[in-house]
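J.: Residue-level listing of the chains:
Number of protein chains: 2
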Amino acid sequence: MHVLIIGAAGRLGRGLTAKLFEDGEIVCTPITRLTLYDLIPPPVPEETPFPVEALAGDFASFGEPARLVNSHPDVIFQLAAALPAHAEAEFDAGYRLNLDGNRQLFEAIRATKHCPRLVFASSYVISPAADGEPAAPTGSYAVQKAIIELLIEDYSRRGFIDGVAPRLAAIFPQEGPRAGATTGYLSEIVRAAFDGSEAVVPVPEDLAHWVASSETTIAQLVHAASIATEGLAGRRAIAMPGLTTTVREIADALEKITGRDTADHIRFAPDDEVTEMVSSWPAAVDTGRAGALDFPADDSVEAILRAYGDDFSVSTKL
Amino acid sequence: MHVLIIGAAGRLGRGLTAKLFEDGEIVCTPITRLTLYDLIPPPVPEETPFPVEALAGDFASFGEPARLVNSHPDVIFQLAAALPAHAEAEFDAGYRLNLDGNRQLFEAIRATKHCPRLVFASSYVISPAADGEPAAPTGSYAVQKAIIELLIEDYSRRGFIDGVAPRLAAIFPQEGPRAGATTGYLSEIVRAAFDGSEAVVPVPEDLAHWVASSETTIAQLVHAASIATEGLAGRRAIAMPGLTTTVREIADALEKITGRDTADHIRFAPDDEVTEMVSSWPAAVDTGRAGALDFPADDSVEAILRAYGDDFSVSTKL
Chain A
0 MHVLIIGAAG
10 RLGRGLTAKL
20 FEDGEIVCTP
30 ITRLTLYDLI
40 PPPVPEETPF
50 PVEALAGDFA
60 SFGEPARLVN
70 SHPDVIFQLA
80 AALPAHAEAE
90 FDAGYRLNLD
100 GNRQLFEAIR
110 ATKHCPRLVF
120 ASSYVISPAA
130 DGEPAAPTGS
140 YAVQKAIIEL
150 LIEDYSRRGF
160 IDGVAPRLAA
170 IFPQEGPRAG
180 ATTGYLSEIV
190 RAAFDGSEAV
200 VPVPEDLAHW
210 VASSETTIAQ
220 LVHAASIATE
230 GLAGRRAIAM
240 PGLTTTVREI
250 ADALEKITGR
260 DTADHIRFAP
270 DDEVTEMVSS
280 WPAAVDTGRA
290 GALDFPADDS
300 VEAILRAYGD
310 DFSVSTKL
Chain B
0 MHVLIIGAAG
10 RLGRGLTAKL
20 FEDGEIVCTP
30 ITRLTLYDLI
40 PPPVPEETPF
50 PVEALAGDFA
60 SFGEPARLVN
70 SHPDVIFQLA
80 AALPAHAEAE
90 FDAGYRLNLD
100 GNRQLFEAIR
110 ATKHCPRLVF
120 ASSYVISPAA
130 DGEPAAPTGS
140 YAVQKAIIEL
150 LIEDYSRRGF
160 IDGVAPRLAA
170 IFPQEGPRAG
180 ATTGYLSEIV
190 RAAFDGSEAV
200 VPVPEDLAHW
210 VASSETTIAQ
220 LVHAASIATE
230 GLAGRRAIAM
240 PGLTTTVREI
250 ADALEKITGR
260 DTADHIRFAP
270 DDEVTEMVSS
280 WPAAVDTGRA
290 GALDFPADDS
300 VEAILRAYGD
310 DFSVSTKL
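Chains as they are written, first to last, in numbering that gives the first Met the number 0: chain A, 0 to 317; chain B, 0 to 317.
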């Protein structure tokens with residue numbers, strides 16, 4: 000089985016790559032080839048369990064998707080995207096990457112006359128809130144994700160692709176610097192609690208967020224590559240399990256784990272724009288379909304933070 | 000006020016043109032210029048109440064939308080579309096006209112830095128059914144309309160256009176030959192009752208349809224050009240009032256009006272493909288928002304047919 004990851008140099012892509020190295024297969028079918036693609040060449044370890052090639056390029060530029068799919072990958076993970084703040088600030092860049100790039104990819108796949116499984120990283124921001132309010136995508140990013148979900152439905156119905164669009168929760172905590180992720184402050188709070196740095200929080204402490212750990216998110220992506228799509232009945236976008244949490248809850252859990260007062264490390268600097276954007280996203284999502292399809296889920300925010308703390312302790316030899 | 004009608008040579012476009020000639024204004028603002036555009040030059044009467052130009056071209060070809068909007072129309076009616084059966088049979092042609100053409104139009108408008116009212120003829124096929132089932136667009140046509148509605152939301156939020164997307168019911172009865180309209184058989188039944196021809200009906204007599212007269216539909220388009228959009232709260236797609244009807248109800252109403260047995264003129268020739276497509280569309284739609292916004296509505300199928308019969312009698316000197 001040949002697997003292609005578009006957006007392989009990002010956090011999610013690197014984690015997914017490591018997971019595929021570890022598993023060596025997707026639902027009992029051995030991986031025989033892995034292609035990693037991103038703007039910069041994704042890192043490849045010296046020893047890999049199967050042949051790996053790392054390619055760099057601008058996914059949305061003309062002819063690039065064709066170059067990627069002409070080798071007929073069986074499973075394609077499409078993780079590349081302009082993030083909400085970027086898509087909002089740069090209208091043209093957002094549409095180019097989040098709409099036109101994906102449309103080109105689907106057309107390139109169609110032209111190969113193969114029909115690979117395509118796992119498209121969609122987002123909880125376009126899920127209807129669990130309280131039944133209809134989804135009204137707000138912001139260019141949300142509109143672009145919603146459009147791609149529609150295209151996946153139609154291209155899949157026509158037999159051009161076999162698409163699944165897991166609507167991922169916000170990843171928490173994220174490693175490394177905030178780097179454009181709107182809710183990156185949640186991760187800053189966690190790092191601050193462990194390394195003593197300062198976290199700047201632009202939203203009220205009781206604002207609700209919908210999050211999942213990166214381990215669970217990666218497991219959800221792999222599961223999306225393996226589920227039978229016949230039973231999805233034309234609803235290939237699936238809201239992924241997540242947890243509702245707040246800055247307050249995260250801080251409380253961190254105090255419990257570290258035994259230190261996190262208040263010293265959190266500075267509230269209200270930002271109306273960020274607060275408004277995050278408030279427009281659902282804080283809780285109905286994930287009944289994902290549950291019925293056996294998608295994995297996190298247990299609790301505290302469990303996520305304990306696992307993070309253990310990793311942190313190991314990595315810093317505390 | 001300069002008005003542009005794209006798709007002006009079609010049934011709806013010709014009716015809308017006649018209505019604008021009659022009214023001479025849109026909400027008390029006099030029309031000073033009208034541009035009619037279609038694949039073939041739209042007909043223009045010798046005497047018109049304001050200057051009218053008729054242009055012909057392929058709306059979705061490169062540079063054409065820019066040619067149309069560079070004169071800064073204040074109101075644009077966008078009625079041009081590949082119809083459901085065409086969009087389903089010709090995948091590329093459907094996307095080219097129904098997605099790419101409109102996207103180009105929005106980009107061309109954005110480039111002018113004017114922000115005209117854009118009335119986009121959307122369709123009831125993507126309305127959630129009144130029984131609360133979520134809308135799951137089926138068929139390429141529905142997917143394309145849903146995508147354009149999303150783009151209208153985002154381009155309007157950004158201030159590039161001031162869009163309104165009335166989701167029109169199926170027009171009943173339509174004048175002239177069936178010409179690709181999936182539910183054209185409903186109109187054939189009506190013509191058959193008046194002129195003695197035969198109507199071929201591909202669906203069961205009790206299958207429910209969502210319809211509106213062309214007069215009401217045209218009045219809805221004009222109303223969409225005149226409503227205040229500030230209060231729409233990011234929901235610029237509005238389900239238009241219509242009526243739920245069946246072949247049986249239409250036949251019964253026609254017998255009452257003409258006094259003749261319509262059964263002689265109707266031949267049932269079941270077509271699973273057409274039946275499936277029509278069955279996938281909502282048979283009743285929640286039009287509460289349109290009602291609150293004072294959009295016009297038909298009274299009854301019988302009233303529509305009586306008006307049609309009167310016109311028919313006049314036009315054929317019966």
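If you are wondering where the hints come from, they were derived from the structure by calculation, not from laboratory data.
Source: prediction; values computed, not measured.
Hints should not be assumed to be uniformly reliable.
Have a look at the derived ranges for each label pair, beta carbon to beta carbon [said to hold, decoys possible]: (1) Arg259(A) with Phe90(B): 39 to 47 Å; (2) Glu89(B) with Phe61(A): 44 to 52 Å; (3) Lys112(A) with Gly287(B): 43 to 51 Å; (4) Cys27(B) with Arg157(A): 43 to 51 Å; (5) Ala268(B) with Pro127(A): 35 to 43 Å; (6) Arg32(A) with Glu89(B): 31 to 39 Å.
Only some residues are given here: those of chain A computed to face chain B with a beta carbon under 8 Å [stated by the list, open to error]: (7) Arg13; (8) Ala88; (9) Phe90; (10) Thr137; (11) Ser139; (12) Val142; (13) Ile146; (14) Glu152; (15) Asp153; (16) Gly230; (17) Leu231; (18) Gly233.
The beta-carbon is built from N, C-alpha and C at its ideal position, and this holds for glycine as well.
J.: If a hint holds in the structure, say so; if it does not, say that too.
T.: Hint by hint, here is what the structure shows:
Taken as a hint, the range 39 to 47 Å is violated for the pair Arg259(A) and Phe90(B), whose Cβ atoms sit roughly 60 Å apart. About 24 Å separates the C-beta atoms of Glu89(B) and Phe61(A), a value inconsistent with the hinted range of 44 to 52 Å. Between Lys112(A) and Gly287(B) the Cβ separation comes to about 46 Å, which falls inside the hinted range of 43 to 51 Å. For the pair Cys27(B) and Arg157(A), the supplied restraint of 43 to 51 Å holds, since their beta-carbon distance comes to about 48 Å.
Look at Ala268(B) against Pro127(A): about 41 Å separates their beta carbons, and that is inside 35 to 43 Å. Take Arg32(A) and Glu89(B): their Cβ atoms lie about 36 Å apart, and the range 31 to 39 Å holds. Checking Arg13(A) against chain B: minimum C-beta separation of about 31 Å lies over 8 Å; hint violated. Of the supplied interface hints, the one on Ala88(A) is violated, with its beta-carbon coming no nearer than about 12 Å to a beta-carbon of chain B, more than 8 Å.
With its C-beta approaching chain B no nearer than about 7 Å, Phe90(A) sits inside the 8 Å limit, and its interface hint holds. The beta carbon of Thr137(A) is positioned within 8 Å of a beta carbon in chain B (closest approach about 7 Å), and the interface hint is therefore held. At its closest, the beta carbon of Ser139(A) sits 5 Å from a beta carbon of chain B; the interface hint therefore holds under the 8 Å criterion. At a threshold of 8 Å, the smallest CB-CB gap from Val142(A) to chain B is about 4 Å, leaving the interface hint in force.
With 8 Å as the threshold, the beta carbon of Ile146(A) comes within range of chain B, its nearest partner Cβ sitting at about 5 Å, so the hint holds. A distance limit of 8 Å between C-beta atoms decides the matter here; for Glu152(A) the minimum to chain B is near 6 Å, and the interface restraint holds. With a cut of 8 Å, the hint placing Asp153(A) at the interface with chain B holds, because the nearest CB-to-CB distance is about 4 Å. About 15 Å separates the beta-carbon of Gly230(A) from the nearest beta-carbon of chain B, more than 8 Å, and the hint is not met.
About 11 Å separates the beta-carbon of Leu231(A) from the nearest beta-carbon of chain B, more than 8 Å, and the hint is not met. With its C-beta approaching chain B no nearer than about 6 Å, Gly233(A) sits inside the 8 Å limit, and its interface hint holds.
Violated hints for the displayed structure, listed by number in ascending order: 1, 2, 7, 8, 16, 17.
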